[in-house]
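**Q** Now for the letters of each chain:
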Amino acid sequence: MTGQPGPLSPDVAVASLYQQYLVTRHTGRAVRLSIERLVGERSGPSLTVIDFHEVAVIDFSCADEVVARLVFDTLSRPAQGARHYFVLDGMEEAHMDPVSSALERRGLAVAARTAELRPVLLGQVEAEARSVWEALSRAGQAGAVDLAAIMDGDPAACARCLDRLDERRLVRGSGHVYASLFSFLASGDGGPEFESR
Amino acid sequence: MSRVVTVPEEMDHRGFEELLVLLDEAFEEGSDRILLNAKHVRWVSPYGLIGLLAVGRVILDRTGNAPSIEAPESKDVRSYWDFMGFWQAASGIFDVPSVPPRIFGPHDALLEITSIRSHRDVHSVVERVRERAASILEKRLHYPKPAVIQFSVMLSEVCQNIIEHSDADGWVCAQTYHYRERLGREVLMLAVMDVGVGFQGSLAAEHARRYGESWSSATALEAALLYGESRFRDPGRGQGLQAIRRQVDRWKGELAIRSGNAQIAMVPDWDDLPAMQRDLPWFPGAQILIVMPARDESEGR
Chain A
0 MTGQPGPLSP DVAVASLYQQ YLVTRHTGRA VRLSIERLVG ERSGPSLTVI DFHEVAVIDF
60 SCADEVVARL VFDTLSRPAQ GARHYFVLDG MEEAHMDPVS SALERRGLAV AARTAELRPV
120 LLGQVEAEAR SVWEALSRAG QAGAVDLAAI MDGDPAACAR CLDRLDERRL VRGSGHVYAS
180 LFSFLASGDG GPEFESR
Chain B
0 MSRVVTVPEE MDHRGFEELL VLLDEAFEEG SDRILLNAKH VRWVSPYGLI GLLAVGRVIL
60 DRTGNAPSIE APESKDVRSY WDFMGFWQAA SGIFDVPSVP PRIFGPHDAL LEITSIRSHR
120 DVHSVVERVR ERAASILEKR LHYPKPAVIQ FSVMLSEVCQ NIIEHSDADG WVCAQTYHYR
180 ERLGREVLML AVMDVGVGFQ GSLAAEHARR YGESWSSATA LEAALLYGES RFRDPGRGQG
240 LQAIRRQVDR WKGELAIRSG NAQIAMVPDW DDLPAMQRDL PWFPGAQILI VMPARDESEG
300 R
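Residue numbers (numbering that gives the first Met the number 0), protein chains in the order written: chain A, 0 to 196; chain B, 0 to 300.
Just so you know, these hints were derived from the structure itself, not from any lab.
Possibly wrong hints are sitting among the right ones.
Result set (SDA-like, lysine to any residue): computed pairs, CA atoms no more than 20 Å apart in a straight line [said to hold, decoys possible]:
| id | chain 1 | residue 1 | chain 2 | residue 2 |
| --- | --- | --- | --- | --- |
| 1 | B | 144 | B | 101 |
| 2 | B | 38 | B | 65 |
| 3 | B | 138 | B | 127 |
| 4 | B | 144 | A | 91 |
| 5 | B | 144 | A | 34 |
| 6 | B | 144 | A | 33 |
| 7 | B | 251 | B | 145 |
| 8 | B | 144 | A | 19 |
| 9 | B | 144 | A | 77 |
| 10 | B | 38 | B | 76 |
| 11 | B | 251 | B | 139 |
| 12 | B | 74 | B | 116 |
| 13 | B | 138 | B | 294 |
| 14 | B | 144 | A | 82 |
| 15 | B | 144 | A | 20 |
| 16 | B | 74 | B | 101 |
| 17 | B | 144 | A | 95 |
| 18 | B | 74 | B | 8 |
| 19 | B | 144 | A | 93 |
| 20 | B | 144 | A | 92 |
| 21 | B | 251 | B | 271 |
| 22 | B | 38 | B | 62 |
| 23 | B | 144 | A | 52 |
| 24 | B | 138 | B | 110 |
| 25 | B | 38 | B | 110 |
| 26 | B | 144 | A | 114 |
| 27 | B | 74 | B | 108 |
| 28 | B | 38 | B | 95 |
Only part of the chain A face toward chain B is listed, based on derived beta-carbon distances under 8 Å [stated by the list, open to error]:
| id | residue |
| --- | --- |
| 29 | 22 |
| 30 | 24 |
| 31 | 52 |
| 32 | 53 |
| 33 | 56 |
| 34 | 59 |
| 35 | 60 |
| 36 | 63 |
| 37 | 68 |
| 38 | 89 |
| 39 | 97 |
| 40 | 100 |
By construction, the Cβ of each residue, glycine as well, lies at the ideal position given by its N, Cα and C atoms.
Only chain A is shown next, with the shape it has when bound in the complex (with noise of 0.2 Å):
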């Protein structure tokens, strides 16, 4: 287990948003679309950390437009392309209510990191998955059967599960490795603590 880059590393951009107040839905797209291109300018698995640190507002409209339509149009694209992975980073309480909910209304899930780097998983992810998301946090890069040794579970379940968190992009997976999208970070520690939304 290790949380330094490796095989797994996919090509690591941020994605600064540079407003204070991302309120609706013509803002929300124009975002996206940016973000969107960014992401088509590369060739290989990407990760797109999408900065929040300068954002005070976000609305429930912007929220969908940027985030969650983001994420529901990357799963919507045929499997065989290359893989892109989202992180939000620098949020604040006031951004994960609108962030969450949208993400939920369409059955979605994000990785985030707060402001404090404590890493939360916005949206909609069962309760098995969500322990399974937080021990890879915590480990950084992992088999699945390590994995479930650490959490004292069952390895076949606990494959099941990183399997279904990599096809919605929350964790990173490569044959029998997994990784926790912090990793690929440069402040990848996020600490001993997980808050579910």
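Given the coordinates of chain A, assemble chain B onto it according to the supplied hints.
**A** Below, chain B alone, put in the same frame as chain A:
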């Protein structure tokens, strides 16, 4: 035929309904020149103030003639209208011979009458009120700090409702005052109105068939507010009103949405507005009222 329609002395959401009854009578008589007599208005709320604009707009659209309006005699009420920018907003709607100069200065208004025509207006409103909202919500209504952001989000969503669903221009206005009779506390009242297609019209193409003969203004309001239905099939749509409803409920506030001939309301224990009213005088568009009461000392910060 000319007709004078008297504006109720207390021009709030209840006065607005009284005015619509009188307006219906004037239309039934076939009046095509209408004068709104507001001389005896003693008090007007933000809802009442932009309600007058909405009524004026409907008269203009229906008769083809700009209605006239007689200003209140009360100096206080008149200066409040001046201050809130009523005459500037009214100038394209009413036959206003001369628009009095706008008064600026320190005041209790959170947001003067503001037209909402595009997403840019929503941005501008949200950015403009933030400092004033912080001062009013924290210092006067004793809300915790995050309420300022939550209020901004609510304001944005409620204004977007005009752009996304009404296909018409609208107005927003917000003011604090002492709600002595009903609550004995200060409140912040936010009013948003348009005279567009309304909820029934907006949702009809997507939902009317499913409701069959029961489809009405009332069922459309229920579909939108209680079930988060929208005119779009996209599941991400329709969450704005639901979010507003949740937030107002957390603040123990009141939310009332009038559209067509119905009004749906989330009513706190300090008010007696009916949860649903049907068979009201028909009026186009949507009229939204949000009342946020000052927090009690016992509710903590």
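**Q** Now look at each hint and say whether the structure bears it out.
**A** The hints, checked one at a time:
no., hint, verdict
1, B/144 x B/101, "violated, 32 Å"
2, B/38 x B/65, "holds, 19 Å"
3, B/138 x B/127, "holds, 18 Å"
4, B/144 x A/91, "holds, 13 Å"
5, B/144 x A/34, "violated, 31 Å"
6, B/144 x A/33, "violated, 32 Å"
7, B/251 x B/145, "holds, 16 Å"
8, B/144 x A/19, "holds, 17 Å"
9, B/144 x A/77, "violated, 45 Å"
10, B/38 x B/76, "holds, 10 Å"
11, B/251 x B/139, "holds, 16 Å"
12, B/74 x B/116, "violated, 32 Å"
13, B/138 x B/294, "holds, 11 Å"
14, B/144 x A/82, "violated, 40 Å"
15, B/144 x A/20, "holds, 17 Å"
16, B/74 x B/101, "holds, 15 Å"
17, B/144 x A/95, "holds, 16 Å"
18, B/74 x B/8, "holds, 14 Å"
19, B/144 x A/93, "holds, 11 Å"
20, B/144 x A/92, "holds, 12 Å"
21, B/251 x B/271, "holds, 14 Å"
22, B/38 x B/62, "violated, 23 Å"
23, B/144 x A/52, "holds, 18 Å"
24, B/138 x B/110, "holds, 17 Å"
25, B/38 x B/110, "violated, 25 Å"
26, B/144 x A/114, "holds, 18 Å"
27, B/74 x B/108, "holds, 18 Å"
28, B/38 x B/95, "holds, 15 Å"
29, 22, "holds, 4 Å"
30, 24, "holds, 7 Å"
31, 52, "violated, 15 Å"
32, 53, "violated, 14 Å"
33, 56, "holds, 5 Å"
34, 59, "holds, 5 Å"
35, 60, "holds, 6 Å"
36, 63, "holds, 4 Å"
37, 68, "holds, 7 Å"
38, 89, "violated, 15 Å"
39, 97, "holds, 6 Å"
40, 100, "holds, 6 Å"
Against the hints set out earlier in the document, violations occur for numbers 1, 5, 6, 9, 12, 14, 22, 25, 31, 32 and 38.
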